[in-house]
Every structure is written in C-alpha cells, then in structure tokens.
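Throw the hints in and build the complete structure from the sequences for me.
The sequence shown begins at 0 in numbering that gives the first Met the number 0 and counts up one residue at a time.
Hints were generated in silico from the structure; no laboratory data involved. Treat the hints with care, as some may be off.
[To be verified] Estimated spans, in silico, between C-beta atoms of each pair:
| id | residue 1 | residue 2 | range |
| --- | --- | --- | --- |
| 1 | R79 | K19 | 50 to 60 Å |
| 2 | Y98 | S13 | 45 to 55 Å |
| 3 | R79 | Y21 | 48 to 58 Å |
| 4 | I46 | P76 | 39 to 49 Å |
| 5 | T4 | L94 | 39 to 49 Å |
| 6 | N99 | G1 | 19 to 29 Å |
| 7 | Y87 | G37 | 39 to 49 Å |
| 8 | A28 | M88 | 31 to 41 Å |
Glycine included, C-beta positions come from ideal geometry on N, C-alpha and C.
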Amino acid sequence: MGLKTGGMAGVWTSEAHRKKGYASQVMWASIEEMDRRGYHASILYGIEDFYNRYSYSVCFASPICQVAAESFSVPVPGFRVRTAKKGYMPRISGLYQRYNEGRSASAIRARRWMPNCR
0 MGLKTGGMAG VWTSEAHRKK GYASQVMWAS IEEMDRRGYH ASILYGIEDF
50 YNRYSYSVCF ASPICQVAAE SFSVPVPGFR VRTAKKGYMP RISGLYQRYN
100 EGRSASAIRA RRWMPNCR
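Below you can see the structure in the form of structure tokens.
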C-alpha cells in the first residue's frame, strides 16, 4: 500500500478579510476531510510560522541562492557564462521544470504566482 497524501495550494485571504478566522475554518475543515478520506499525510507550501498552529512543520527548505556570473572564473568546457536577462526566463523555467519533473515535493508554480519567471 502506498502513502496517500493530500494537500492544499493557492489559498489566499484578501487583506480586508484577514484576522476573522476564515483561514482557520478552511484549514481545519480541509484537515478533517483528508482524515475522513483516509489520507496518511497532508503537504502544503506556505508562509513560515503560520501553519504550525495546524500541526504542520517545515519539511523542505526553500533557500534562495544568487551567484554573480562573474564569480564563475572557469566555465565548463563548451559553455559560456553570462548574466540572465528577462527574455531568458522561459528557457530557464523550462530547464527547472525538466530537472524537477521526476522529483517528489518539488514546486512547479503557476504563472500567476511567478509572472517574471515564465
């Protein structure tokens, strides 16, 4: 038997309706529904220090790493190093998606969440 996992994504509350308990209602209802359906685990990507109140904990870190092109003094033979430009983003995004498509727990974001990266 495999591990049956559920999750939540794309949840957001407009500023005008925050601090009214809506997120808590949705979170607890979702957790209860996943439990009712027999899920073994629930996974979500979210903001830090918010979901711990619902018994979630950080499992996969999402570090950001920026390296200046100039710091690569010796490129790999057959390749050249250059600074990325906005027009390169569709190709960079495609490389990222191909690299991560077979990996578990990788995040492939919808265009609306990362408009500058597609």
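Okay, which hints does this one fail, numbers in order? 2 and 5
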